[in-house]
Each structure stands twice: as C-alpha cells, then as structure tokens.
Amino acid sequence: MAQYLLDYIEEQYVKVKENDIIFLGKIKMQYEKAKSLGGENVIKTVCPECKKPRKTISKIATFVCSACEHQAKSESDYMKCPHDGTVMERFATTNACGCGSALPAIKKFNILSLIEVDTILLASRHLYRMPFSLHEKSGLVSVLIDPKTVLKFKKASAKPGAALSGKWLAKPDNLGEATDLLAKAMAHQAETEKPKERREFTAPEEAVPEELFPPCIRLILAGLKDGKKRALFILTNFLSAVGWNNEMIEERIWEWNKANPESLRPVIIKSHLKLKSKKREIILPPNCKSDYYKALGVCKPDDMCKTIKNPAQYALRRFRAAQGTAGKGGGRAKLTEEQKAARRLYRERMKRKEEEKKGGDNGAADDKE
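So for the sequence shown, the working numbering puts the first residue at 2; every next one is plus one.
No lab work stands behind these hints: they were computed from the structure. Values in this document were obtained by computation on a predicted structure and should not be read as measured data. Cβ coordinates follow ideal geometry from the N, Cα and C atoms, glycine included. Hints should not be assumed to be uniformly reliable.
Simulated restraints on C-beta separations [said to hold, decoys possible]: (1) Tyr32 x Asn247: 54 to 60 angstroms; (2) Leu38 x Lys74: 36 to 42 angstroms; (3) Arg318 x Lys74: 39 to 45 angstroms; (4) Met131 x Leu38: 28 to 34 angstroms.
Capping the alpha-carbon separation at 25 angstroms, the derived lysine to aspartate or glutamate pairs in DMTMM-like fashion look like this [as the list claims (entries may be wrong)]: (5) Lys275 x Glu178; (6) Lys45 x Glu70; (7) Lys52 x Glu76; (8) Lys280 x Glu263; (9) Lys259 x Glu282; (10) Lys280 x Glu357; (11) Lys277 x Asp303; (12) Lys259 x Glu178; (13) Lys358 x Glu192; (14) Lys358 x Asp181; (15) Lys352 x Glu282.
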C-alpha cells in the first residue's frame, strides 16, 4: 500500500518539465535546488511502457527481408533472413528499453529521494495500535485526544467501560474509501510485480553450531530489550534453516527468553512454537538488506557479511567450510584454526547434551523403580 501511494503521488501530483519540478500543478522547484535536497537521484529516467528505470539502453534496429517480408529486431549491423538466407534490409535505429519498447524515455521525479518510508512502522503488527483498539497488556483503549485538552487527560478515561465521545473522521461521503484504497493497492502490486520463482530450500542434515552463527543472530541470542516478538520469528526461522529440529529450537528459545531483560510471556512462546512445529516448509529469516536487523540494533556486519544475502547463508557457508566441503572439486579442504576450534566446541557441546539426556533418562527410570 505504501508503494502504491508513492507511485500515485509521483504520477498524479509531480511533473518534470525541462529544468523544473512542478508540485500540485503550481509549485515550481528548480532541478538544482531539488538536487541539493535529494541528491543526484532526484530525477529518474523511466520507460513509458514498463515504468521501470531505463538502466540499459540498447541500439535495436528493425530488419526486413525484401523477398519474404519477414521482420526481426536485433542490435547487429546486418542480418540474414532465416528462411531464404537473403541479407535483410536494415531500418531506423532507435534507443530502446530492455523490455523492447522503442518509445523515448521520460523523466520523473523520484519521491524516495526526499521521503523515507518507515516500513517497520507500517507493518501489520502495528495495527493493534489503531484508534479505539485495546492495548495487549494494560487492556486500556487507544482513545483519541483533542490537542487542546491533552493536559487534562486521565488514565481512567481510557478504560473500556468509560464512555467514548467525540467525532472521529466523520466523513459520510467517504465511506468505503479504505476498502477502495486496499483494492487499488493490491491491483497495483499485481501489475507492477513479477511473480518470483520460489526455490525449495533444503536444510542440512546436521545442525549448525552456534559458534558459526552470524553476528546478528548471536546478538539476538544474547538477549534484547525491545523487539523480542520480531526476534522470535527470526530465530525460529533461522534455526530451522540451519538444521535444528523442533526439540532443539524449543530448548534454545526458552533459554534465550531467560536472557532477555524482560522475558516474553510464556503463552506467546508456546503458541508460536506450536504453530511452527506444524509447518513442514522451511522459511528463511529476513534477508540482510531488510530493516529488521537495523531496527533491532543487531546489524554489526563482519567481513563475511559483505558476501552473503541472508543470515542462514552465512552460517551454512561457514559450516560447509568447517566440514571441508566448500571446495568446488569436492576434495576435503584444509580447516583453519578457527574452524577447528569451532568444530571441537560443537562436538563437546553435543557430547554434554547427550550425557545429560542419558542421565535424565536414568533418573526417570530410578524414580519408576
């Protein structure tokens, strides 16, 4: 919806004419001034057909066979007819878009050069903070307050039993506009986005040890003050992607929750883990370029982070290197001292867990006797 509104504003309210940017059909701003505010990318050149930035301009010519009138487009200087081998006649060359359109490119104002959209704020989880909604913990109502009377506000007026009064967006002529906006945004997304080919992800048979996790995941596991619900989704998806089974994930999540300054309520974790255990499909955590990790304050990249797109990819690459299977030729690669230490720690940890499990089983058997 945010993308639809941005595109709508660009199309309907901002025009570029020569060296001027015209807002709302009457407010002019010179290109140089706009560039000082939004940088070099304040103006973008796009294709009038596909609406995408014209990054690659190709010289496409039209070839016509004089014998059979077969036509074809190519960037070559000459072409032979595929039917009879006749050298085809070359016609006017035009600058064309990668989509094949030969229409001249148009200049448009790049609204993102001046406006930064906080997509985290617009996420669905924040719908719980809509006007007149109930707060999850306190049970109080998100009431609307007149700025003139804000200093007179009392907590008791936000209780569900209190009488709610006052007009809120009383526009009878605009009923249904939110539904209409949502429908237009969804239609816009279907028109502009190409369906992505989904590739099935396969987790490793052996669980990747924590010593090989990326910095962001290790920082999350150390405990968070804010953003624990978002971190819960990131952790469970990450751990399943790097080979951890449901039992291992559950044990580590409860351990992580204790490390948080303020723990999540048990009911939240239980419901999330229960839902997660029912899903067989492996879902990767958000990619590194997303704003989630920066918003949580855990994006502290090292040298390897520059070469990967997803935290799971980081862990799997280090794990393969530690196992000696990173080489293209399939031969066993020589491990570094750091990789040897990580493998040794992992094996010791798994050994301790196995011994603790056996000890627990023996204790349970003694209790039964």
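Outcome of the hint check:
A hinted range of 54 to 60 angstroms for the beta carbons of Tyr32 and Asn247 is consistent with their spacing of about 58 angstroms. Checking the proposed 36 to 42 angstroms range against Leu38 and Lys74 shows it holds: the Cβ atoms sit about 41 angstroms from each other. In this structure the supplied range 39 to 45 angstroms holds for Arg318 paired with Lys74, their Cβ-Cβ distance being about 42 angstroms. At roughly 33 angstroms, the beta carbons of Met131 and Leu38 sit within the given window of 28 to 34 angstroms.
A hinted pair counts as satisfied when its Cα atoms are at most 25 angstroms apart, and Lys275 with Glu178 does not qualify at roughly 38 angstroms. Of the pairs offered as hints, the one joining Lys45 and Glu70 is violated, with about 39 angstroms between alpha carbons and a cut-off of 25 angstroms exceeded. Simply put, Lys52 and Glu76 have alpha-carbon atoms about 23 angstroms apart, close enough for the 25 angstroms limit, and the pair holds. Taking the CA atoms of Lys280 and Glu263, the gap is near 28 angstroms; set against the 25 angstroms cutoff, the hint is violated.
This hinted pair does not check out: Lys259 and Glu282 have alpha carbons roughly 28 angstroms apart, beyond 25 angstroms. For the hint pairing Lys280 with Glu357, the CA-to-CA distance comes to about 29 angstroms; that exceeds 25 angstroms, so the pair is violated. At most 25 angstroms may separate the alpha-carbon atoms for a hinted pair to count; Lys277 and Asp303 exceed this at roughly 30 angstroms. A threshold of 25 angstroms between alpha carbons decides the hint, and for Lys259 with Glu178 the separation of about 46 angstroms lies outside it, so the pair is violated.
Between the alpha carbons of Lys358 and Glu192 the distance comes to roughly 55 angstroms, so the proposed pair goes past 25 angstroms and is violated. As the CA atoms of Lys358 and Asp181 are separated by approximately 58 angstroms, the hinted pair breaks the 25 angstroms bound. Proposed proximity of Lys352 and Glu282 is contradicted: the alpha carbons are some 29 angstroms apart, above 25 angstroms.
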